[in-house]
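Trainee: So you can see what is in the structure, the chains are spelled out below.
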Amino acid sequence: MEVFLPSLVSIAFHGVAYGMILYVISVGLSVTMGLMGFVNLAHGAFAMAGGYVLTSAITRLGLSFPPALVLAFIVVAAVSVLLERWLYSRLYDAGELEQVLFTIGLIFMAVAAAQVVFGMLQQPVLLPDYLKGRVSLLGRDFPLYRLFIIVASSVIIAALWFGVERTLWGAMVRAAVDNRAMAQSIGINTRRLFTITFALGSGLAGLGGALGAEIIAIQPTYPFEHLVYFLIVVSVGGLGSLRGPFAAALLIGVSDTACKYWLPEFGAFFIYVATIVLLLWRPAGLFGRRL
Amino acid sequence: MTSFIGYGADPRIRFTECLPWLAAIAVFFLLPDYLSLGARILTYILFALSLDLILGYAGIVTLGHSAFFGFGAYVAGILSAKLGVTDPLLLLAAAAAMAGALGVATGAVILRTHGLTQLMLTLAIAAVCLEIAHKATPITGGADGLSGVTIAPIFGAFKFDLFGRTAYLWCLTILFASWWLTRRIIYSPFGATLAGIRENRVRMHAIGVPVYRRLLTAYAISAMIAGVAGALLAETNQFVGLNVLGFEPSGELMVMLILGGVGRLYGAFVGPLVYLIAQDFLAKQFPEYWYFGIGLMLVLVVLFARGGILGLADALVARWRKLK
Numbered sequence: 001m002e003v004f005l006p007s008l009v010s011i012a013f014h015g016v017a018y019g020m021i022l023y024v025i026s027v028g029l030s031v032t033m034g035l036m037g038f039v040n041l042a043h044g045a046f047a048m049a050g051g052y053v054l055t056s057a058i059t060r061l062g063l064s065f066p067p068a069l070v071l072a073f074i075v076v077a078a079v080s081v082l083l084e085r086w087l088y089s090r091l092y093d094a095g096e097l098e099q100v101l102f103t104i105g106l107i108f109m110a111v112a113a114a115q116v117v118f119g120m121l122q123q124p125v126l127l128p129d130y131l132k133g134r135v136s137l138l139g140r141d142f143p144l145y146r147l148f149i150i151v152a153s154s155v156i157i158a159a160l161w162f163g164v165e166r167t168l169w170g171a172m173v174r175a176a177v178d179n180r181a182m183a184q185s186i187g188i189n190t191r192r193l194f195t196i197t198f199a200l201g202s203g204l205a206g207l208g209g210a211l212g213a214e215i216i217a218i219q220p221t222y223p224f225e226h227l228v229y230f231l232i233v234v235s236v237g238g239l240g241s242l243r244g245p246f247a248a249a250l251l252i253g254v255s256d257t258a259c260k261y262w263l264p265e266f267g268a269f270f271i272y273v274a275t276i277v278l279l280l281w282r283p284a285g286l287f288g289r290r291l
Numbered sequence: 001m002t003s004f005i006g007y008g009a010d011p012r013i014r015f016t017e018c019l020p021w022l023a024a025i026a027v028f029f030l031l032p033d034y035l036s037l038g039a040r041i042l043t044y045i046l047f048a049l050s051l052d053l054i055l056g057y058a059g060i061v062t063l064g065h066s067a068f069f070g071f072g073a074y075v076a077g078i079l080s081a082k083l084g085v086t087d088p089l090l091l092l093a094a095a096a097a098m099a100g101a102l103g104v105a106t107g108a109v110i111l112r113t114h115g116l117t118q119l120m121l122t123l124a125i126a127a128v129c130l131e132i133a134h135k136a137t138p139i140t141g142g143a144d145g146l147s148g149v150t151i152a153p154i155f156g157a158f159k160f161d162l163f164g165r166t167a168y169l170w171c172l173t174i175l176f177a178s179w180w181l182t183r184r185i186i187y188s189p190f191g192a193t194l195a196g197i198r199e200n201r202v203r204m205h206a207i208g209v210p211v212y213r214r215l216l217t218a219y220a221i222s223a224m225i226a227g228v229a230g231a232l233l234a235e236t237n238q239f240v241g242l243n244v245l246g247f248e249p250s251g252e253l254m255v256m257l258i259l260g261g262v263g264r265l266y267g268a269f270v271g272p273l274v275y276l277i278a279q280d281f282l283a284k285q286f287p288e289y290w291y292f293g294i295g296l297m298l299v300l301v302v303l304f305a306r307g308g309i310l311g312l313a314d315a316l317v318a319r320w321r322k323l324k
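Top line first, the protein sequences correspond to chains A and B. Position 150 of the first sequence, counting from 1, maps to 150 under my numbering, and the rest follow consecutively. Position 321 of the second sequence, counting from 1, maps to 321 under my numbering, and the rest follow consecutively.
Keep in mind that a hint or two might mislead.
Unchecked claim - Residues of chain B placed beyond 10 Å of chain A at every Cβ, according to the derived structure:
| id | residue |
| --- | --- |
| 1 | Val27 |
| 2 | Ser36 |
| 3 | Ala94 |
| 4 | Ala127 |
| 5 | Asp144 |
| 6 | Ser147 |
| 7 | Phe158 |
| 8 | Phe160 |
| 9 | Ala206 |
| 10 | Val209 |
| 11 | Pro210 |
| 12 | Ile309 |
| 13 | Ala315 |
| 14 | Lys322 |
| 15 | Leu323 |
| 16 | Lys324 |
Claimed, not checked - A short, non-exhaustive set of chain A residues, derived as facing chain B with CB atoms under 10 Å:
| id | residue |
| --- | --- |
| 17 | Gly105 |
| 18 | Leu106 |
| 19 | Leu168 |
| 20 | Ser235 |
Read the hints as simulated data drawn from the structure, not as lab findings. From the three backbone atoms N, C-alpha and C, an ideal C-beta is built for every residue, glycine too.
Only chain A is shown next, with the shape it has when bound in the complex (with noise of 0.2 Å):
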């Protein structure tokens, strides 16, 4: 009992952690999904290209941690805003394997171009001194960076959540997830909602990437490694939902920091496993409904 509660306190800060990021970078994954229909399986390489912007604006342009973060996010909407007006967009029509090819060849580009602008190595994160060092909470010692994660993480949850279910914006995207056919005979213009929360959750993608590039590290194999969790987080959380990823993020977060912990021997194996399990029990997810 003396070992297990401090460790029992270290695996929900850590993954309590793990599972906000998880959430930052696959929300958008789920409500562009839920949205749009498209199985974006490229979403991490947005994750990977935040995480890129971040540690080379620290070290290449000598920018702060704090404006090196907003970068991640204005560069990778940015660029996702040009991807889905040249290329998403024709293939909203198309099959589910026209789509799923697409974006695989999109990863197989995106780590091939970091491969050759970076390296194989992983890029080290440099922190600012005031988000190093450590703080003590229920007698352990943790690193002060997850707690700022944490906080930061969940600021912008917040902030999604409210942008999401109080503003006029947010009707609308819940609109046309619900009825697309409906929302665009009322006048929304879903083509230019679907533009702007695709920017927005690649956007978000890119910032959980840089935030959370000290806990999943930035190397050129990133979104293949990493491709699983993030489509555990939306199917187990269910397509088109806020909270049920969320939800599942945070489920997936503790558990695997608790598998790793106390059974490395078996890796990720257990998450897996519940994964399908879960989704046979609930195919549409936890909070999904029937798309």
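Position chain B against the provided structure of chain A, taking the given hints into account.
Mentor: Chain B in isolation, oriented as in the chain A frame:
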């Protein structure tokens, strides 16, 4: 989309369908230095053929087909390296049976779902297989791979030689048998119901087709063929590594099939051939650009040439006929 071959088309073997086999035999005599690459290509053609059956004909989108390929490879490898079973035909049969059983077990699960959930389940199942192979080091060799795979001569007469001649002919024989089987399936009424399910599932339900059972059968057959392909790889390489499992080999296989053309039977022949030869020449010199090129090609194929190489060839032939 007129050139789909299948039920209702003339089932006799056309002259053009002999060409791949003639070419394969010609390669054996003319290019003796490339036989190990040739065996690899033949193995991947077999693997692509199995994917074409469920993806191209039954319309099941899967990101985890490597589970069966890898499972077959590990079954053959473990039987040989740990249990001393070395007869190549027996190993293939064991791999086919085990992969088929895995196909029934996982197919029974994933075919009840659709869309993102199905995609996610195939991916998760492949990930579980990779995780098991990675962590069960005493049995699978873990990250170091499974070495010590020894293979007895085929039928006690033909030894696997250094130049890969036996391996090449062995792969060619197995591929021929599987091609014949697959072709029979595609031209059969069963194949027609698969294509029907792909085109309109609800209508097939309405006319009384047991959709789920048909899909499950196709999935199991496809898993068996993929398992045989995996076992072939294990036999010819005498080694099994972790790279046969997971998302990346599944994705790579999909790229090969798309490149050749989906749902055309021979797309599974053209795709791996072009892909693996290009990889052999380019990937070692320019690994990063190679991956970039693959990605770019995939994007271009999806945007502009949905039928792959064979689709383009069909379009060219059609245009040429029009000009005449």
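Trainee: What are the numbers of the hints the structure violates, in ascending order?
Mentor: Of the numbered hints, 4, 19 do not hold.
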